[in-house]
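Visitor: Each chain is listed here by its residues.
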Amino acid sequence: MLTRRIIPCLDVKDGRVVKGTSFLNLRDAGDPVELADFYYKGGADELVFLDITATPEGRDTTAEMVERISEKLFMPLTVGGGLRSIEDIQKLLRAGADKVSLNTAAVKNPQLISEGAARFGSQCIVVAIDARRRENEAGWSVYVKSGQTLTELDAIEWAKKAAELGAGEILLTSMDADGHCCGYDIELTRRISKEVNIPVIASGGAGSLEDLYAALDEGGADAVLAASIFHYGKHSVAEVKDYLKQRGIPIRP
Amino acid sequence: MNTKIVIVDYGAGNLRSVVNAVRSLGHEPHLTADPAEITSAAAVILPGVGEGSAAMTELTRLGLAEALQERGKRNLPLLGVCLGLQVLMGTTEEGGDVPCLNIVPGLVRKLPENHKIPHMGWNQVKQLRSHTIFEGIPDNAYFYFVHSYYADPQDKTAVIGATDYGEQFCSVLAQGSVIATQFHPEKSGETGLRLYGNFLRLALGGRTC
Numbered sequence: 001m002l003t004r005r006i007i008p009c010l011d012v013k014d015g016r017v018v019k020g021t022s023f024l025n026l027r028d029a030g031d032p033v034e035l036a037d038f039y040y041k042g043g044a045d046e047l048v049f050l051d052i053t054a055t056p057e058g059r060d061t062t063a064e065m066v067e068r069i070s071e072k073l074f075m076p077l078t079v080g081g082g083l084r085s086i087e088d089i090q091k092l093l094r095a096g097a098d099k100v101s102l103n104t105a106a107v108k109n110p111q112l113i114s115e116g117a118a119r120f121g122s123q124c125i126v127v128a129i130d131a132r133r134r135e136n137e138a139g140w141s142v143y144v145k146s147g148q149t150l151t152e153l154d155a156i157e158w159a160k161k162a163a164e165l166g167a168g169e170i171l172l173t174s175m176d177a178d179g180h181c182c183g184y185d186i187e188l189t190r191r192i193s194k195e196v197n198i199p200v201i202a203s204g205g206a207g208s209l210e211d212l213y214a215a216l217d218e219g220g221a222d223a224v225l226a227a228s229i230f231h232y233g234k235h236s237v238a239e240v241k242d243y244l245k246q247r248g249i250p251i252r253p
Numbered sequence: 001m002n003t004k005i006v007i008v009d010y011g012a013g014n015l016r017s018v019v020n021a022v023r024s025l026g027h028e029p030h031l032t033a034d035p036a037e038i039t040s041a042a043a044v045i046l047p048g049v050g051e052g053s054a055a056m057t058e059l060t061r062l063g064l065a066e067a068l069q070e071r072g073k074r075n076l077p078l079l080g081v082c083l084g085l086q087v088l089m090g091t092t093e094e095g096g097d098v099p100c101l102n103i104v105p106g107l108v109r110k111l112p113e114n115h116k117i118p119h120m121g122w123n124q125v126k127q128l129r130s131h132t133i134f135e136g137i138p139d140n141a142y143f144y145f146v147h148s149y150y151a152d153p154q155d156k157t158a159v160i161g162a163t164d165y166g167e168q169f170c171s172v173l174a175q176g177s178v179i180a181t182q183f184h185p186e187k188s189g190e191t192g193l194r195l196y197g198n199f200l201r202l203a204l205g206g207r208t209c
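Going down the list, the sequences are from chains A and B.
Heads up: the first sequence at position 163 corresponds to 163 in our numbering, and the numbers run straight through without jumps.
Heads up: the second sequence at position 57 corresponds to 57 in our numbering, and the numbers run straight through without jumps.
The shape of chain A in the complex, shown without the other chains (with noise of 0.2 Å):
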């Protein structure tokens, strides 16, 4: 049986994990390869990168780290943050990432996830959607550049979008949520789980057991993404898999 995917975030910058975490045991706790070993050792289905380096001195140094990762990586990798064409995601590509994830140069330039999957395949074009709830409760629009900026798009629509534009995954996160970690928004995840047939990983928010669960089963999510619940130390992934397998969600032992 498919199982559901647990998915740990780092949050990278000039190589360098910046989120905070409570790993005591480890030599150094912001060493992405050393985290991305700890992971892959811990029993996690898949790794996401968030490159939020801003300088393209900085980016080369994520390249690298990519490569140096995927030398002991046996599962897949994710890396995102600041792509914005079909030669970025080469370079990742190449450099070992098995997917790329596309935020803001996809709103801007839809034709990227239709070139970059003719290219390269929809298995490694994952579209990330920020989205946050209208004031008017009136569903939800989607943000660009690390959420600060509004667009005119729908997030529903978007990810419908993306999906017929060749995207091979969403990668949903809800701004309501994320940080506060008192749940995903499960209503968004429902309905752009049930509106796209690619795998939907939902994003943000995730604070206890409960809350990935409900992601999962009610949200009707494929994946779960969390990074704050892994880094400060709260749940180990072994901890949140059994949680989950008891609570009868189908999960990778």
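To be clear, the hints were calculated from the coordinates, so they are not data collected in a lab.
A quick note: this is a predicted structure, and the numbers were derived from the prediction, not measured.
No residue lacks a Cβ here, since even glycine has one placed at the ideal position from N, Cα and C.
It is possible that some hints are incorrect.
As the list claims (entries may be wrong) - List time: in silico SDA-like cross-link candidates among lysine to any residue, alpha-carbon distance up to 25 Å:
hint, chain 1, residue 1, chain 2, residue 2
1, A, Lys245, B, Gln124
2, B, Lys126, B, Pro138
3, A, Lys91, B, Gly11
4, B, Lys116, A, Ala118
What the hints assert, rightly or not - Where chain B lies over chain A, by a calculated footprint (3+ residues, C-beta under 8 Å):
hint, segment
5, 121–129
6, 140–152
7, 190–200
On the provided structure of chain A, position chain B as indicated by the hints.
Guide: Just chain B, lined up with the frame of chain A:
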């Protein structure tokens, strides 16, 4: 003794992962698009992600199709991975009934639409018979899949591993020394590395099944 391990480089996807997997087992693979090297190597790995008809066009353009077919005829060890499994078949529906290598007669079909496509994530492989490639791997072990099409060989005895996704499909195929997996062993943790190890022992140890 010939111990050359070759990974076919035809521009299809993440070769680095396959290289890393083979290296982690203590071997140094050669990436090549040279037909002669492919014919003569002790072990050949044919990886691939992307689109079936485009892959066939590249394999033909580079003169690799014949080299691979020659290996098939001579029953020399060959491991196809993901798209590398699909192109071994007779014809693929992907891109509109495109002829493939026909090393293993049969069709490549689209997965049923009643589930999300691509089939992406960790799923189980039911071992339909014992085989060297499964040595040390428990029945129903999990492997990482990402694909929209699957192979349907004419000779059902070639299907040695099966996976359930909407319907049961062939996830491991074996026809003599030609073996192929629909999943990505190089993305399937320690279990996947074991499968590569089994293939290399089979190829380099000179045993056939």
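Visitor: A separate judgement is required for each hint: does it hold in the structure or not?
Guide: Evaluation of the provided hints:
1. About 16 Å separates the Cα atoms of Lys245(A) and Gln124(B), which keeps this hinted pair within 25 Å; it holds.
2. The hinted pair formed by Lys126(B) and Pro138(B) meets the criterion: a straight-line CA distance of about 9 Å does not exceed 25 Å.
3. The straight-line distance between the Cα atoms of Lys91(A) and Gly11(B) is roughly 14 Å, inside the 25 Å bound, and the hint therefore holds.
4. At roughly 20 Å between alpha-carbon atoms, Lys116(B) and Ala118(A) fall within 25 Å of each other, so this suggested pair holds.
5. Only residues whose C-beta sits within less than 8 Å of a C-beta in chain B count toward coverage, and the segment 121–129 of chain A has 4 of them, enough to reach three; the restraint holds.
6. Judged by the Cβ-Cβ criterion of 8 Å, the segment 140–152 of chain A is not covered by chain B as claimed, because only 0 of its residues qualify and three are needed.
7. Evaluation of the coverage hint for the segment 190–200 of chain A: fulfilled, as 3 residues show C-beta separations to chain B shorter than 8 Å, against a requirement of three.
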